[in-house]
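**Q** Listed below, chain by chain, are the residues.
2 protein chains.
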Amino acid sequence: MRATVMYGAGDVRVENVPDPGIQNPTDAVVRVVRSCVCGSDLWPYAQMEHSEEGTRMGHEFLGVVEDIGSEVSNLKRGDLVVAPFVWSDNTCDFCREGLPTSCRNGGFYAMDGVDGGQGEAVRVPQADGTLVKLPVAEDSALLPSLLTLSDVYCTGHHGVVTSRVGPGKSVTVIGDGAVGLCAVLAAKRLGAEQIILLGRHKDRTDLGREFGATDVVPERGEEGVERVRELTGGDGTHAVVEAVGAEQTMANALGIVRHGGVVSRLGVAQYTSIPLGFDAMMGNITVTGGAAPARAYIEELLPDILDGSVEPGRVFTHTVGIDGIPDGYRAMADRTALKVLVQP
Amino acid sequence: MRATVMYGAGDVRVENVPDPGIQNPTDAVVRVVRSCVCGSDLWPYAQMEHSEEGTRMGHEFLGVVEDIGSEVSNLKRGDLVVAPFVWSDNTCDFCREGLPTSCRNGGFYAMDGVDGGQGEAVRVPQADGTLVKLPVAEDSALLPSLLTLSDVYCTGHHGVVTSRVGPGKSVTVIGDGAVGLCAVLAAKRLGAEQIILLGRHKDRTDLGREFGATDVVPERGEEGVERVRELTGGDGTHAVVEAVGAEQTMANALGIVRHGGVVSRLGVAQYTSIPLGFDAMMGNITVTGGAAPARAYIEELLPDILDGSVEPGRVFTHTVGIDGIPDGYRAMADRTALKVLVQP
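Chains as they are written, first to last, in the numbering used here: chain B, 1 to 344; chain G, 1 to 344.
Stretch-level coverage of chain B by chain G, calculated; a stretch enters the list once three of its residues show a Cβ under 8 Å from a Cβ in chain G:
1. 254–265
2. 284–292
Simulated restraints on C-beta separations:
3. B:Arg229 x G:Gly10: 38 to 48 Å
4. B:Glu53 x G:Gly98: 51 to 61 Å
5. B:Glu97 x G:Ala141: 39 to 49 Å
The hints are simulated quantities; they were obtained by calculation from the structure and are not laboratory data. The beta-carbon is built from N, C-alpha and C at its ideal position, and this holds for glycine as well.
With the rest of the complex left out, here is chain B (with noise of 0.2 Å):
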């Protein structure tokens, strides 16, 4: 089959790979019938070191299941299924607690042997616990929203969950990515009176604004915590979603925080270390986030995609072929794309 390797920054191809196939019994085989391009994956693309042997890509993804290992109970050839981006047994302490990314038999997609999700299939370890069966057909138009919930829109839902945002509240998001457009439209979803976000990418914010935003602060800085101060009378607001994963918006993120209130962190830290000292303590502040549970909240999410009230699919500005998706990676890159899907 075709499939994404990356050798290094910047390069990326697609090549054919083995077909995948069941290795245990609780492995189920996923024919890919939408992928995407996250963005976490634009850090190695910026940065990797050149690799001989390259990387499998892509972490995202939905299909049908094309076999099953023996083991597997819950599902059946033919089922739309949607990956949330680690896999796990849904059985486990850590997963029955709601923290599927630590499950004791989970792992990681595009490593260890395991398919990445940006090529026409995957084997998907644990399936029974992993997978959830999307009640649509395959040519539904409800595909790039549903696509969502392998990642990018569970992510933004963490954010805003893990920092208590609720009615009443009020929340700056860091980033207009389609991570940090996907918290604005959780954290309208559930209710907070204000939402500000802060981006720069003016097609961007105006989709933040549609999917609830408030207001928006295209300062950087210095510049945009003054502007959120101002904001919010001076206090800064009750919940801070960090979309961004860089040591300067994760202290932006510190000094937009009201006394009491909750930063989250979604972007992939690019930091060791954060600002947490004195005065974090005696305001009281609370970090917290990390990599989102995806599988835990997809039965939470998925009714509101069905019935339309929410469209997390409008971050895809871009579609392309599996052989397009070197184009998509520089797309993304370049910001001339929000995020790309992928139609193998």
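Since the structure of chain B is provided, determine the placement of chain G on it from the hints.
**A** Coordinates of chain G only, in the frame set by chain B:
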């Protein structure tokens, strides 16, 4: 009156200072019946640069109302009251949210013209909001435990509440000072299943066991982290209460916490950043805590002290008169005293 003034590291004096009087209609003047030396006082005692004018000391006290301003309506002369370590109006939005340490009209003792607790009397601003009446006599044997409502027991409670300790949960408390021991007591009270105390002073950890610690780990640094891992099947504990405030103990806390768990920091931060990078993100680690909103906890914690079911006052190992306060500092700095009670 006599009161404590610190002039620099190791230089604490008890001196004559002006008697406090009502300055604002919301003030009360409290004659101090019991006060104490705080572990946090040891930081300036170790590090303060010499100052000609010195700084008043003390923020934990209980006493008798001697005078009230014209707008004070909840208190009368002769009431025995405990003062939380931050004064606050108890009506602003932060106070209503349970965060009186961020009160819009609040502040700290021993600064800005407000007396310190380590003296014979204190002018307490926002007296109605701040002071809580104690239904005991001035010679009650419960006074030491009631005094801990001012700070140390509420602070321990804050650590376990914010780190979500409860039935079935495991918690590590780092530090066998009075705050750490009060955190153990508070964790026991809230039903924690496993309470691991990290400390190397046997007299203190023995009291920790009586307070509810199920395990004591005297090892420090990486060895201590490994020992906690061993005691928890490799996972670490759901909660970690950091009751020291050093950079290394904060790093250890992050090494001890279980995926999805919470580190609550109580020790006054002597660091400016914490190593909360990619790994903590993948593990969905939360860092929270801070200055305890003692005022908000007193009503909840008072009954168990009054009926004798908890005795946080056992952290006081030594008692001094007002002129013995410099000796009290020395004894705490030398670790010969755990916590020193002052009986002016």
